[in-house]
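Asks: For the protein sequence lines, the chains are X and C, in the order given. Our numbering numbers the first residue of the first sequence as 70 and each following residue consecutively. Our numbering numbers the first residue of the second sequence as 3 and each following residue consecutively.
Wrong hints could be hidden among the right ones.
To be verified - The calculated SDA-like cross-link candidates involving lysine to any residue, where the alpha carbons are at most 20 Å apart (straight line), are:
(1) X:Lys561 - C:Lys260
(2) X:Lys169 - X:Val627
(3) C:Lys260 - C:Val248
(4) X:Lys561 - X:Arg483
(5) X:Lys561 - C:Val248
(6) X:Lys169 - X:Pro652
To be verified - Facing chain C, from chain X, some residues (calculated, C-beta under 10 Å):
(7) Leu286
(8) Pro416
(9) Ser445
(10) Ile447
(11) Leu461
(12) Ser463
(13) Leu474
(14) Arg483
(15) Val486
(16) Val506
(17) Ala576
(18) Pro577
(19) Val590
As the list claims (entries may be wrong) - Quick look at which bits of chain C chain X covers, simulated, 3 or more residues with Cβ under 8 Å:
(20) 25-39
(21) 175-186
(22) 260-273
The set of hints was computed from the structure by calculation and includes no laboratory data. Glycine included, every Cβ here is placed at the ideal spot set by N, Cα and C.
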Amino acid sequence: MRPRRLVGFNLLSATLLGVGGYFLGHWVGTRLSAGMDSQIGTDQNDVAIFMGFLFALLGWLIGLGFFNYPLARMMGRPPSLREKEEAGSGRYFRLCTDHKVVGLQYFVTVLLFFMIAGLNAMFIRAELLTPNETLWNANQYLSLVSLHGTMMLMMTSAAILGPFGNYFVPIMIGARRMAFPRLEALSFWLVPPAGLILLSAVALGGFPTGWTGYAPLANEARAGMDAYIFAFGLIGLSMTIVGANMIATVLTMRAPGLTWNRLPIFVWGVLCTSMLMVLAAPVLFSTLAMLTLDRTADTSFFLASAGGSPFLWDNLFWFFGHPEVYILALPGFGVVLEILPVFARKPLWGYRLAVAGMVGVAVLSFMVWQHHLFVSGINADLRPFYMLTTELISIPTGFIFLNGLGTLWRGRIRFTVPMLFALAFFSNFLIGGLSGVFLSDVPSDVSTHGSYFVMAHFHYTIMGGLVFALFAATYYWLPKMTGLQFNEMLAKVHFWMMFVFFNFTFAPLFAAGMLGMPRRVSVYAPRLQGINIFVSSSAFLLGVSMLIFLINLVYSMVIARVPAEANPWASRGIEFQLPTPVPVTNFETTPVIQSDPYDYGVPDAVPVAALKPVAAPVVGGGST
Amino acid sequence: MASEALPSGGPPERVHGRRLFVIWAALTVVGVLLIVFVAGPHMPPGNFSQEARDQRHINILLAALAVPVLFGVWTCLAYIFTTFRQGEGELQDGPPVRGHPRLQVVWVVATAAIVLSLGAFGTEELLGSAKGAGGGQGPDPLAVPAGQKVQVQVIGQQWAWTFRYPAYGGVETSQLALPEGQTTELHVTSLDVSHSFWAIQLGVKADAIPGNDNVAFVTPRHTGSFEIRCAELCGLWHGHMHNTGVVMTQAGFAAWIKQQQAANAPATKTLPPYSTHYFPDPIRRAG
Chain X
70 MRPRRLVGFN LLSATLLGVG GYFLGHWVGT RLSAGMDSQI GTDQNDVAIF
120 MGFLFALLGW LIGLGFFNYP LARMMGRPPS LREKEEAGSG RYFRLCTDHK
170 VVGLQYFVTV LLFFMIAGLN AMFIRAELLT PNETLWNANQ YLSLVSLHGT
220 MMLMMTSAAI LGPFGNYFVP IMIGARRMAF PRLEALSFWL VPPAGLILLS
270 AVALGGFPTG WTGYAPLANE ARAGMDAYIF AFGLIGLSMT IVGANMIATV
320 LTMRAPGLTW NRLPIFVWGV LCTSMLMVLA APVLFSTLAM LTLDRTADTS
370 FFLASAGGSP FLWDNLFWFF GHPEVYILAL PGFGVVLEIL PVFARKPLWG
420 YRLAVAGMVG VAVLSFMVWQ HHLFVSGINA DLRPFYMLTT ELISIPTGFI
470 FLNGLGTLWR GRIRFTVPML FALAFFSNFL IGGLSGVFLS DVPSDVSTHG
520 SYFVMAHFHY TIMGGLVFAL FAATYYWLPK MTGLQFNEML AKVHFWMMFV
570 FFNFTFAPLF AAGMLGMPRR VSVYAPRLQG INIFVSSSAF LLGVSMLIFL
620 INLVYSMVIA RVPAEANPWA SRGIEFQLPT PVPVTNFETT PVIQSDPYDY
670 GVPDAVPVAA LKPVAAPVVG GGST
Chain C
3 MASEALPSGG PPERVHGRRL FVIWAALTVV GVLLIVFVAG PHMPPGNFSQ
53 EARDQRHINI LLAALAVPVL FGVWTCLAYI FTTFRQGEGE LQDGPPVRGH
103 PRLQVVWVVA TAAIVLSLGA FGTEELLGSA KGAGGGQGPD PLAVPAGQKV
153 QVQVIGQQWA WTFRYPAYGG VETSQLALPE GQTTELHVTS LDVSHSFWAI
203 QLGVKADAIP GNDNVAFVTP RHTGSFEIRC AELCGLWHGH MHNTGVVMTQ
253 AGFAAWIKQQ QAANAPATKT LPPYSTHYFP DPIRRAG
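So that you can see chain X by itself, here it is in the shape it has in the complex:
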């Protein structure tokens, strides 16, 4: 790379300005808080730390060049359009508005933070081999638990929408870009600082609250809590931007002929998720803002002794938190229903039911949050209502299962790696869903609430559901994104190890929870050691399966580099009708969509889209 390139607006300048910004902000914050009683008598000044993070973020964005365009326009100069550069590997390290570049940037970043959070899980399981504190002291252990939970929640929020939503939604709807390309880039470039700031909690002494950040524990926690607040807030901001951008894109940029009942089901999943994001993530952001004020400006939103209430946090947090778990689940539904027809060689069975299922889940997810508070002592009269709404969610979720089984029935199934992951999704999510019935039933929830039963339940839905769908999507679409094949043998080893040891890890934890093991402890009843040794051993092998994936990724994408065909799966999806690598503008001319992408088995089916439409395009037709 020439020196001129290094000096410009890129990752290097962003890092330098970000680090510099932190120290400048810290100095400003120290001056600002000079007379504040609440910051005196502690060895950590929260005002200075928050100002440090704020200035670091500004430095990072300035370094990336996010202000170049608006500044140039304000000063009446022609804007530089370097963010639209079309070639060279340098654009992966810079602000770039090509949605395909953003997709790959997301993939690598999310994967990196996943690995860190997964490593934390290994450290946690190593501690739990014994019923007493052995490997880590209490603060280290709690910080590991909190970092694992928060990092995973932050990254899984972006795990499918980030890489695959950004890359494929514009292509699937026949567009050349997202509705707001600069916002799209911004939504990605907020993720690395969020991850790094969260990790900085380690240097600030960790934080003790887990990902739920319950006040007033969060009020009294040390400065690591500030890192949690700022990082999670950034993710909330990023989610809001992604959601708004996706909604605008799908509503306004669909190609001619792409009616609502031809929209690929994955796009429906992304659309429903985006609706949840724009409605739920701002609540998280404001809740965190209140906690920030409590910690810096001495307000008392969450302090019962000064007129506030811990219940305020619980309600606001779960009003975000429960839709959040469906923000994680819905893209998974979309991915598996998109993949099943390709490898069953049959149309998606019950398309409208699938859409109804996703919309139903999205709507109901806002009406259930107090099931996290069944034994908290708030609104006990409302428990039957929340019990019912929670159980109602299993109706639309059941639709997705009927769609899956109906699509597979009488299909011609090919057990490729993406298909294996998609099928495992159904088995895992089924167990996750059925265990959720126990938690929704108040009398049963009394014994299972706050125990490892809950932990096993949400790992079955998030890891067994979302992460399996994420790998299905990775094996299905990454060869299209990079133009390179995966090694199939390693991929199959990865699948079988992950499927077996995932179940071995989490199924016994249902029993551990029911038998009396609370979450987030490193000290537990010695009678539960047997279960925990088994679980930890399985968890390590689950970790090995992830290592195999990493090895496969590096081997296939960096070392072996076997070119992938343009349409390796014989898919009818429009994204596979494009050449590999996908051209910068996606389509030479605006395509005309002629059917949904599921016309398998239809005699004389027309192509899903006319990629170079002639004077009189054929609209309609397809399914007879």
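Given the coordinates of chain X, assemble chain C onto it according to the supplied hints.
Replies: Below, chain C alone, put in the same frame as chain X:
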């Protein structure tokens, strides 16, 4: 049905359906019998208290209801995997069926019926027969067991539990003792952050929230000891916040509480008057 005339090979739909039903029914019968008769008697949280027994019955029922659903989907998947495979090196399409309106309606109605009856059953259990099932119900409990009650206040703080007996001069103890066969009214609160009082074998769980009086009921059925753990992350030594409680005979309890009153009399005098909640000094940042 139209699908029987489809070009795709294999036996007609009704043969598949009959086979599937037989496999599913056999598995379900075996599974439900195992859950009810083999696992059921050992299902947590056991029989120590009335509330624990109610929870155990509900856990058995929910597990037995989960079995047909679990085996339904698993049987279908396994059957599909073995029957509808693509041949080696082939790439043939399946029949272009896009749905089956009647089956879809049946599915929606069936799942809705199951879910609504679960909701109705859970509500009946919670407010009717199980009387709150040992869960925290806030300051005005909706489901109250009949009869005389012993009041015990459970006070959580970082990182220990204290138990206060208002009917016995407000004496405070560090060990929880309950009389056998009598309903205890637990008032759970906290002095600092949120905790959750979990008496595992008794089937009691109630969050301890500062400024709130969270009431739960429990009726132990026999004497013995039980584990107490904090079930809500409350900071550094959360995992160490455990204790052992005992259920005594009524005579034993009367003797024990008299002894506690005498031994703790000087300390009891300095305690704040009994209240449903106490506010400590405002929380300062640790460190």
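Asks: With reference to the structure, classify each hint as holding or not holding.
Replies: Going down the list of hints, with the structure as the test:
| no. | hint | verdict |
| --- | --- | --- |
| 1 | X:Lys561 - C:Lys260 | violated, 69 Å |
| 2 | X:Lys169 - X:Val627 | holds, 19 Å |
| 3 | C:Lys260 - C:Val248 | holds, 16 Å |
| 4 | X:Lys561 - X:Arg483 | holds, 14 Å |
| 5 | X:Lys561 - C:Val248 | violated, 53 Å |
| 6 | X:Lys169 - X:Pro652 | holds, 10 Å |
| 7 | Leu286 | holds, 4 Å |
| 8 | Pro416 | holds, 5 Å |
| 9 | Ser445 | holds, 4 Å |
| 10 | Ile447 | holds, 6 Å |
| 11 | Leu461 | holds, 6 Å |
| 12 | Ser463 | holds, 6 Å |
| 13 | Leu474 | holds, 5 Å |
| 14 | Arg483 | holds, 5 Å |
| 15 | Val486 | violated, 15 Å |
| 16 | Val506 | holds, 6 Å |
| 17 | Ala576 | violated, 12 Å |
| 18 | Pro577 | violated, 14 Å |
| 19 | Val590 | holds, 3 Å |
| 20 | 25-39 | violated (count 0) |
| 21 | 175-186 | violated (count 0) |
| 22 | 260-273 | violated (count 0) |
Of the numbered hints given earlier, the model fails hints 1, 5, 15, 17, 18, 20, 21, 22; all others are met.
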